[in-house]
Amino acid sequence: DAKTTQPTSMDCAEGRAANLPCNHSTISGNEYVYWYRQIHSQGPQYIIHGLKNNETNEMASLIITEDRKSSTLILPHATLRDTAVYYCIVIYSWGKFQFGAGTQVVVTP
Amino acid sequence: AAGVIQSPRHLIKEKRETATLKCYPIPRHDTVYWYQQGPGQDPQFLISFYEKMQSDKGSIPDRFSAQQFSDYHSELNMSSLELGDSALYFCASSWTSKGEQYFGPGTRLTVT
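Top line first, the protein sequences correspond to chains A and B.
Under our numbering, the first residue of the first sequence is numbered 25, with each subsequent residue one higher.
Under our numbering, the first residue of the second sequence is numbered -17, with each subsequent residue one higher.
Chain A extracted, bound-state conformation (with noise of 0.2 Å):
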């Protein structure tokens, strides 16, 4: 599975929108890309996940660039509750998670 990278941390004012960068340059033309979230030692839960099209559901936008190379999570209005760390991961089609280091984000009143 391809490595991603993604940014130690990032802080949000609560009620923007949060643009969520992760690199994975190595990416293959079948591997998927998803994200998912944990909160505070809860379970991660799944956000959204992508393959070539940009895709949006009722918790996120995930934005592919055309090279696949590089994509952006996007929480379009952040709240207090969206504190947690966030996590890129590309896979085949499904089988276990690498888990990387994850962006710590802080929204902020």
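Because the hints were derived from the structure by calculation, they are not lab data.
Hints should not be assumed to be uniformly reliable.
[Unchecked claim] Within a straight-line C-alpha distance of at most 30 Å, the following computed BS3-like cross-link-like pairs (lysine-lysine) qualify:
(1) A:Lys27 / B:Lys80
(2) B:Lys39 / B:Lys80
(3) A:Lys27 / B:Lys39
(4) A:Lys93 / B:Lys4
(5) A:Lys76 / B:Lys39
(6) B:Lys80 / A:Lys76
(7) A:Lys93 / B:Lys80
[Said to hold, decoys possible] Chain B stretches covered by chain A per the calculated footprint, using a threshold of three residues with CB under 8 Å from any CB of chain A:
(8) 21 to 33
(9) 67 to 76
Every value quoted in this text rests on a predicted model; they were computed, and no experiment measured them.
For every residue, glycine included, the Cβ atom is placed at its ideal position computed from N, Cα and C.
Position chain B against the provided structure of chain A, taking the given hints into account.
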């Protein structure tokens, strides 16, 4: 909607004792994954099962074993516990060929 159930939620054991962690996947999910998360660390994959057969293995110590039963629940057995085994243990389940894994609340194991 039904979620992944893990029991117990908290477990305190002494060194050299044994522990059994249980995981009940979401109904109709046929794949179970186990992850270990040490203090201040990211989750690390231990082992997975698909249709009651081991499907993949990660950095799981030989002192640990696991299996998936006919009702798809899974148990992680840990023997000769060491202080370093103190961690959160997460179970996740998924449906065949679907990448999304749904995680349980975890079992916090403390070895004293």
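These are the hints, each one checked on the structure:
no.	hint	result
1	A:Lys27 / B:Lys80	holds, 21 Å
2	B:Lys39 / B:Lys80	holds, 19 Å
3	A:Lys27 / B:Lys39	holds, 19 Å
4	A:Lys93 / B:Lys4	violated, 38 Å
5	A:Lys76 / B:Lys39	holds, 29 Å
6	B:Lys80 / A:Lys76	holds, 17 Å
7	A:Lys93 / B:Lys80	holds, 22 Å
8	21 to 33	holds (count 5)
9	67 to 76	holds (count 4)
Taken one by one, the earlier hints fail for this structure only at number 4.
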